[in-house]
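Okay, here's what each chain looks like letter by letter:
Number of protein chains: 2
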Amino acid sequence: MAGVSFMTRNIKLVLEYDGAPFFGFQKQPGKPTVQQALEHALSRFFNQPMKISAASGRTDTGVHAENQVVNFRTPSDRDPGSIRKGLNAHLPPHIVVKSVEEVSPDFHSRYDAKSKIYEYRVWNAPFRSPLLNARVFHVPFHLNLPEIRKAARRLVGRHDFSSFTSGSALSGGPGKKKGGRVRTVKKISIQKKGDLLILQVEADGFLYHMVRNIVGTLLEVGRGKRRPEEMAKILRAKSRRFSGSTAPAKGLTLRQVIY
Amino acid sequence: MAGVSFMTRNIKLVLEYDGAPFFGFQKQPGKPTVQQALEHALSRFFNQPMKISAASGRTDTGVHAENQVVNFRTPSDRDPGSIRKGLNAHLPPHIVVKSVEEVSPDFHSRYDAKSKIYEYRVWNAPFRSPLLNARVFHVPFHLNLPEIRKAARRLVGRHDFSSFTSGSALSGGPGKKKGGRVRTVKKISIQKKGDLLILQVEADGFLYHMVRNIVGTLLEVGRGKRRPEEMAKILRAKSRRFSGSTAPAKGLTLRQVIY
Numbered sequence: 033m034a035g036v037s038f039m040t041r042n043i044k045l046v047l048e049y050d051g052a053p054f055f056g057f058q059k060q061p062g063k064p065t066v067q068q069a070l071e072h073a074l075s076r077f078f079n080q081p082m083k084i085s086a087a088s089g090r091t092d093t094g095v096h097a098e099n100q101v102v103n104f105r106t107p108s109d110r111d112p113g114s115i116r117k118g119l120n121a122h123l124p125p126h127i128v129v130k131s132v133e134e135v136s137p138d139f140h141s142r143y144d145a146k147s148k149i150y151e152y153r154v155w156n157a158p159f160r161s162p163l164l165n166a167r168v169f170h171v172p173f174h175l176n177l178p179e180i181r182k183a184a185r186r187l188v189g190r191h192d193f194s195s196f197t198s199g200s201a202l203s204g205g206p207g208k209k210k211g212g213r214v215r216t217v218k219k220i221s222i223q224k225k226g227d228l229l230i231l232q233v234e235a236d237g238f239l240y241h242m243v244r245n246i247v248g249t250l251l252e253v254g255r256g257k258r259r260p261e262e263m264a265k266i267l268r269a270k271s272r273r274f275s276g277s278t279a280p281a282k283g284l285t286l287r288q289v290i291y
Numbered sequence: 033m034a035g036v037s038f039m040t041r042n043i044k045l046v047l048e049y050d051g052a053p054f055f056g057f058q059k060q061p062g063k064p065t066v067q068q069a070l071e072h073a074l075s076r077f078f079n080q081p082m083k084i085s086a087a088s089g090r091t092d093t094g095v096h097a098e099n100q101v102v103n104f105r106t107p108s109d110r111d112p113g114s115i116r117k118g119l120n121a122h123l124p125p126h127i128v129v130k131s132v133e134e135v136s137p138d139f140h141s142r143y144d145a146k147s148k149i150y151e152y153r154v155w156n157a158p159f160r161s162p163l164l165n166a167r168v169f170h171v172p173f174h175l176n177l178p179e180i181r182k183a184a185r186r187l188v189g190r191h192d193f194s195s196f197t198s199g200s201a202l203s204g205g206p207g208k209k210k211g212g213r214v215r216t217v218k219k220i221s222i223q224k225k226g227d228l229l230i231l232q233v234e235a236d237g238f239l240y241h242m243v244r245n246i247v248g249t250l251l252e253v254g255r256g257k258r259r260p261e262e263m264a265k266i267l268r269a270k271s272r273r274f275s276g277s278t279a280p281a282k283g284l285t286l287r288q289v290i291y
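Protein sequence lines, in the order shown, are assigned to chains A and B.
Residues 33 to 291 in the numbering used here are what the first sequence lists, from first letter to last.
Residues 33 to 291 in the numbering used here are what the second sequence lists, from first letter to last.
Just chain A, same shape as in the assembly:
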């Protein structure tokens, strides 16, 4: 928070992006990332080197966002409308700033998030869909929805999700110590719209690959390879070896951050 004077404004941005061309959200040397493109646009618009203060969470390579929330600080008095217009003029076509809002000085897009909703889209039909392919995971097998729903219900609640993460904590929920793997999954909803299966997971925080590992495991339940009752055992095991495969990134979208 160095360099924040009483004149500094805290600005909240809501972003939409197509994750396909990016190596995830977080900056990495020499690779196109959303953060790098955004900070480049900020620096061009404000005509000085700029960095964001925080983002609600770091989406992985290939993961999309409909409403990613980011905040940054600036002494500039440019109005939100011009900031939105200016940033969009400097951003590549795969990223757009949907809204710009001045928020209170202590707003933090990551720590203040009460929960986030991720959506995972499965195309459940014998053959792929060329028109949806970029944003769905194609599963050609019959899926037993009641069984998937039963398994999903067993994951809802406050649990240690170590079995569903491939690595370190992706984002902390409120009031938890860093590195802990206990998260509260508030809701998992599963909707069928024609051949499209839409899974939404709302939680106070997500571990690395957590949604994709949950979806991969639920799809194995849907195919009859696992029973819904196994979920409790998987959670208890606290080991990635017990859960299913990681569903591919392109089916995943950060839908909403709730403050």
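Treat each hint with caution, since some may be false.
[Stated by the list, open to error] List of simulated lysine-lysine pairs, DSSO-like, C-alpha gap at most 27 Å:
#1 LYS117(B) <-> LYS224(A)
#2 LYS225(B) <-> LYS219(A)
#3 LYS117(B) <-> LYS282(A)
#4 LYS63(B) <-> LYS282(B)
#5 LYS130(A) <-> LYS225(B)
#6 LYS225(B) <-> LYS117(A)
#7 LYS225(A) <-> LYS224(B)
#8 LYS257(B) <-> LYS117(A)
#9 LYS282(A) <-> LYS130(B)
#10 LYS117(A) <-> LYS282(B)
#11 LYS224(B) <-> LYS117(A)
#12 LYS130(B) <-> LYS59(B)
#13 LYS282(B) <-> LYS225(A)
#14 LYS130(B) <-> LYS225(A)
#15 LYS225(A) <-> LYS219(B)
#16 LYS282(B) <-> LYS130(A)
#17 LYS224(A) <-> LYS225(B)
#18 LYS117(B) <-> LYS257(A)
#19 LYS224(B) <-> LYS224(A)
[What the hints assert, rightly or not] Partial list, derived from the structure: chain B residues whose beta carbon lies under 8 Å from chain A:
#20 GLU48
#21 GLU98
#22 ASN120
#23 PRO125
#24 ILE127
#25 VAL128
#26 LYS130
#27 PRO162
#28 ASN165
Hints in this document: simulated from the structure, not taken from any laboratory.
Bear in mind the structure is a predicted one, so any value in this text is a computation, not a measurement.
Think of the CB as a built atom: it goes at the ideal place given N, C-alpha and C, for glycine as much as any other residue.
Based on these hints, arrange chain B on the given structure of chain A.
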């Protein structure tokens, strides 16, 4: 129809494709087209040079299809399920065969079509949508929907659509002589879903660029550049100079062919 013996079966295919990577449906030397990819897959699957007999219509470069209908003839007795599976194995990811059905020997995917429904998608918001961008036309201006609907109603019916075509007839309706530009627009529906404006045009046949020129003209009505009452005058003029600009291909999808 040369080479058709009493043993020859007539096979109807329903295709979905993403038009972006193709130079339209119709075969052109040295260019990737849907027809070329399909005939290549047919030839590979049946292990001999194959051609389609007809398609419901030829979509232009960049135009998508959810349910394009094609038919071809073959003496092979392979069952529809294996044909579908085999063709999909040989087709590029942007095309899929959704269904295969043996039909009566005289079925013709183009001449037997009673009507076709095209859908045009407009993203009507101040800024582009990265997640929808590949399949919408972004219009950042306010659009007056009641005025668009009023203008659309004046295009419904049997009219000479010369003013809405850039060239020769794209596909004939039943019982009309070749090259005529009289078509019957059965319905134009206009729906708003959030910032997405969806225009559907159903007609017994479409001229070259007809939907895109109708949409371009309706959007000028929506922006207040034209009045709905002008539609009658534009139709009467029978000249492309009187209608609006051609909306871009990427927003257009062939939705359905009705037999």
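Consistency of the hints with the structure:
For the hint linking LYS117(B) to LYS224(A), the alpha-carbon distance of about 25 Å falls within 27 Å, and the restraint holds. In summary, the hint linking LYS225(B) to LYS219(A) is supported, as the alpha carbons are separated by about 26 Å, within the 27 Å threshold. Among the hinted pairs, LYS117(B) with LYS282(A) is consistent with the structure: their alpha-carbon atoms are about 24 Å apart, no more than 27 Å. Pair hint LYS63(B) plus LYS282(B) holds up; C-alpha atoms about 18 Å apart against a cutoff of 27 Å.
Our distance criterion of 27 Å between C-alpha atoms is met by LYS130(A) and LYS225(B), whose separation comes to about 17 Å. For the given pair, LYS225(B) sits about 24 Å from LYS117(A) by alpha-carbon distance, which is consistent with the 27 Å threshold. For a cut-off of 27 Å, the pair hint linking LYS225(A) to LYS224(B) stands: about 19 Å separates their Cα positions. Only pairs whose Cα atoms come within 27 Å are accepted, and LYS257(B) paired with LYS117(A) is accepted, the gap being roughly 25 Å.
For the given pair, LYS282(A) sits about 22 Å from LYS130(B) by alpha-carbon distance, which is consistent with the 27 Å threshold. The straight-line distance between the Cα atoms of LYS117(A) and LYS282(B) is roughly 24 Å, inside the 27 Å bound, and the hint therefore holds. In summary, the hint linking LYS224(B) to LYS117(A) is supported, as the alpha carbons are separated by about 25 Å, within the 27 Å threshold. Proximity of LYS130(B) to LYS59(B) is assessed by CA-CA distance (about 21 Å); at most 27 Å being required, the pair is judged to hold.
With a CA separation close to 24 Å, the supplied pair LYS282(B) and LYS225(A) stays within the 27 Å bound. Taking the CA atoms of LYS130(B) and LYS225(A), the gap is about 17 Å. The hint holds against a cut of 27 Å. For the proposed pair LYS225(A) and LYS219(B), the alpha carbon gap of about 26 Å is at most 27 Å, so the pair holds. Proposed proximity of LYS282(B) and LYS130(A) is supported: the alpha carbons are some 22 Å apart, at most 27 Å.
Taking the CA atoms of LYS224(A) and LYS225(B), the gap is near 19 Å; set against the 27 Å cutoff, the hint holds. The suggested pairing of LYS117(B) with LYS257(A) holds, with an alpha-carbon distance near 25 Å, which does not exceed 27 Å. Our distance criterion of 27 Å between C-alpha atoms is met by LYS224(B) and LYS224(A), whose separation comes to about 22 Å. Taking 8 Å as the C-beta cut-off, the interface hint given for GLU48(B) holds, the closest approach to chain A being about 5 Å.
For GLU98(B), the suggested interface contact is upheld, since its CB lies about 7 Å from the closest CB of chain A, less than 8 Å. Restraint check, ASN120(B) versus chain A: the minimum CB separation of about 5 Å is within 8 Å; hint holds. Residue-level restraint check for PRO125(B) holds (minimum Cβ-Cβ distance to chain A is 7 Å; threshold 8 Å). The interface hint given for ILE127(B) holds, since its Cβ lies 6 Å from the closest Cβ of chain A, which is under the 8 Å cut-off.
For VAL128(B), the interface hint holds, since its Cβ comes within 8 Å of a Cβ in chain A; the closest pair sits about 5 Å apart. The interface hint given for LYS130(B) holds, since its Cβ lies 7 Å from the closest Cβ of chain A, which is under the 8 Å cut-off. Interface hint at PRO162(B): satisfied, since its Cβ lies 4 Å from the closest Cβ of chain A, which is below the 8 Å cut-off. Nearest Cβ of chain A to the Cβ of ASN165(B): about 7 Å, under the 8 Å cut. The hint holds.
The structure agrees with every numbered hint stated previously.
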